[in-house]
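Next come the chains, spelled out residue by residue.
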Amino acid sequence: MGGVSPAKGRTGGNLAPLRLHVPEPKYRPGDRVDYSGLVIPPAGAQPRPDETCPAGDTYPLCTDLVRVLGDDDLAAGPWDPRLDAGALRRMLRVMALTRAFDDRMYRAQRQGKTSFYMKSTGEEAVAVGAAFALADDDMVFPSYRQQGLLIARGYPLVEMVNQIYSNRADRLKGRQLPVMYSARDYGFFTISGNLTTQYPQAVGWAMASAIKGDTRIAAAFIGEGSTAEGDFHSGLTFAAVYNAPVVLNVVNNQWAISSFSGIAGAERTTFAARAIGYGIAGLRIDGNDPLAVFAAMRWAADRARANMGPTLIEHFTYRAEGHSTSDDPAAYRSAHEREEWPLGDPIMRLKRHLVAIGEWSEEQHATMDREVAGEVRAASKEAEKSGVLGHGMHHPFKTMFEDVFEELPWHLREQAEQAIHERQTRFPKWKE
Amino acid sequence: MTIEEDPVSLADAPTRRLNMIEAINDALDIMLERDPNMVIIGEDVGYFGGVFRATAGLQKRHGRTRVFDTPISECGIIGVAVGMAAYGLRPVPEIQFADYIYPGLDQLVSEAARLRYRSAGEFTAPITVRSPFGGGIFGGQTHSQSPEALFTHVAGLKTVIPATPHDAKGLLIAAIEDNDPVIFFEPKRIYNGPFDGYYDQPARSWPSHPGSVVPEGYYAIPLGKARVVREGSALTVLAYGTMIHVAEAVLAGKGVDAEIIDLRTLVPIDIDTVEKSVEKTGRCLVIHEATRTSGFGAELAALVQERCFYHLEAPIERVTGFDTPYPHSLEWAYFPGPIRIGEAVDRLLGA
Ligand SMILES: Cc1ncc(C[n+]2csc(CCOP(=O)(O)OP(=O)(O)O)c2C)c(N)n1
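If you read the sequences in order, they're chains A and B. Going by this note's numbering, the first residue of the first sequence is number 3, and it counts up by one from there. Going by this note's numbering, the first residue of the second sequence is number 175, and it counts up by one from there.
Among the hints, erroneous ones may be present.
Taking lysine to any residue and the SDA-like style, the derived pairs with C-alpha atoms no more than 20 Å apart in a straight line are [as the list claims (entries may be wrong)]:
1) A:Lys433 / A:Pro398
2) A:Lys431 / A:Leu414
3) A:Lys400 / B:Lys234
4) B:Lys234 / A:Gln420
Calculated from the model, a selection of chain B residues having no Cβ within reach of chain A, i.e. all distances over 12 Å [stated by the list, open to error]:
5) Asp186
6) Asp209
7) Leu504
Hints listed in this document are in silico derivations from the structure and should not be mistaken for laboratory results. None of these values were measured; they are calculated from a predicted model. Note that beta-carbon positions come from the ideal geometry of N, C-alpha and C, so glycine has one too.
Turn these sequences into a full structure, and let the hints guide you.
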């Protein structure tokens, strides 16, 4: 310790007192909102390095914002994916369907048909744009807010409603909280309630695909709040070390329940900039621009397929509604935020773009809205034939004990007998 | 800590009727006031006041550096609490749901629980980790678990579970004042009212229950002291949390003169009260909502068997949740309800 005296005894001396910084959002309920300080670069201005570039070439983009659709509703710049109008209309329709689905399921929860629901309103471009850019057999590891992935991949809506109602037809046997889907045939990993666990899992899946010389890649999605979990950092470390063919998405919708993005570190730098420290590619994109999402996702997927490794993508967006049906955002944030959000609404933006290029009209849009609402209505009516949650108990009691293990050990067999016996005691006419 | 004061007599204290959330909020408020070293940290606990509102208003009253939101990292929350405690603070972290405590397990099990031991008392971790636990709210497998046995298994952690607003306040105050790390599990099914296990009956609220009478101001209920909910001679029920209310209703419904013991603290357990009761009744029913295998009921059954064997007139009965993840729609099939408890009582009394 050669001569350096320890700080001991200096406490209370003439040093300035330390202060703890606790981040606080700009706006609270009732506040007027002013987003003029938010840097939104013009669309089309961001360079697009080649997919096989050194990771470092992307670092300027980690603090920029890749945008394609401009304020003039036209697509601009090197990131324009040049999708044909048919593809754009399909994307628009899936986003509209996702929103219609969310609206109806939210109401269903309010009507007591189920226990819980989570909407993705305002963020539809993220999941839908990503699904269009990935191959259908790429494996996605979503959070609870990427229902758009499933819908884009053509998963039957009625199956989703069955799950939400935990009804007799629910393929997950009523075991999971609503929206915690699982759809292996659609390359959709079983959703966990525990945040961020899917991040290292996606990396592991991608490593496995590389071990086997496969061509499929993986993609994972979490919210910005979830980047605080250790699993985020484990995932990035493994992805970097093994150059895993994976796209790691952070959906920065500004809010994690009541905590604004500053509580996850956003006051210092962007979430995309996390890529820099790990030495992997990173992109920060306008998450309310379906074309930018598509382009970035396709770029990252192509990069992974070219054995150039992982990409971290931050989708900059806004959670337009409450966290879930259990949440009331009016208690912690200003209602004006949604109205003033400078990146607008993803569905409206794509609609206006299609109109601007002469490929869509108000009438077509109104017709589409009616059609998707009809599709959702039909699916939920169909699902209701198999029951709504109520007091639950739609599934044979023995199903509670199945799949704990591959085979039923003696103690679970005994417990299953007990459960069935209890049901017969309570409801003598019941047949398992 | 300021525990040299005379024991507080509650006999004359004015009281209010509170639900369990309000009682917890009151305890936190009082302790923030009394102890300038106490801080509350956790996801959404600051401005918003917690997803169950347990910390509502506390940031406003006590300031932003004493009650504040944390990043979503349970490892970080408990890890920084250990560091704060090493400095000399008395952190009260909230883990939003017990189901989400696992990323913080290493900091609890390997660190908080052992600081005192490995530093021979140089460093301690006077931390109280509050967390809602248990099922009965259709929360599915990640909002329903009862992981108390994981913590009772760890040397150096205390585990406390209240069953009434009155106890929640007094036990939480004692937990905060305790110089060892305490896991304080709050049965969320009874936050707003006592739940007797009959899920299809109208929900009750707390004011009609004597346990909602909460003295104003400071009072501590010592850790390690059980509460005899009801004296009786036919059998002893050992339980805690929500299951206290279920047991009371089922046994009253059957007209059984049971002695019901609310353990309140699982570690260290009030073994005297347990022994005395079982020696008197000769029959013992252990109830918990958690999964059965290696559950705390196994520990209770072993203790009773070791210490009261010659007083037992029947095999000890254990009523528990099943050894499955907590199902969403089959919640009431999973829950150890009136039928499961009633049959165990019949077996005990028939033997
Ligand atoms: C490990 C873990 N901790 C806490 C929670 C409780 N929780 C559920 S969602 C949520 C907020 C997540 O915010 P973010 O990651 O930003 O995603 P968003 O909901 O905004 O899509 C929290 C804290 C959880 N589910 N899992």
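Here is how each hint holds up against the structure:
1. Distance restraint check for Lys433 (chain A) and Pro398 (chain A): the Cα-Cα separation of roughly 8 Å lies within the 20 Å cut-off, and the hinted pair is therefore satisfied.
2. Of the supplied pair hints, the one linking Lys431 (chain A) and Leu414 (chain A) is violated, its CA atoms being roughly 24 Å apart against a limit of 20 Å.
3. Taking the CA atoms of Lys400 (chain A) and Lys234 (chain B), the gap is near 50 Å; set against the 20 Å cutoff, the hint is violated.
4. Taking the CA atoms of Lys234 (chain B) and Gln420 (chain A), the gap is about 51 Å. The hint is violated against a cut of 20 Å.
5. Residue placement check: Asp186 (chain B) keeps its beta carbon more than 12 Å from all beta carbons of chain A (closest about 38 Å).
6. For Asp209 (chain B), the requirement that its beta carbon stay farther than 12 Å from each beta carbon of chain A is met, with the minimum near 18 Å.
7. The claim that Leu504 (chain B) lies off the interface is violated: its Cβ sits roughly 5 Å from the closest Cβ of chain A, which falls inside the 12 Å cut-off.
Checked against the numbered hints given earlier, this structure breaks hints 2, 3, 4 and 7; the rest are met.
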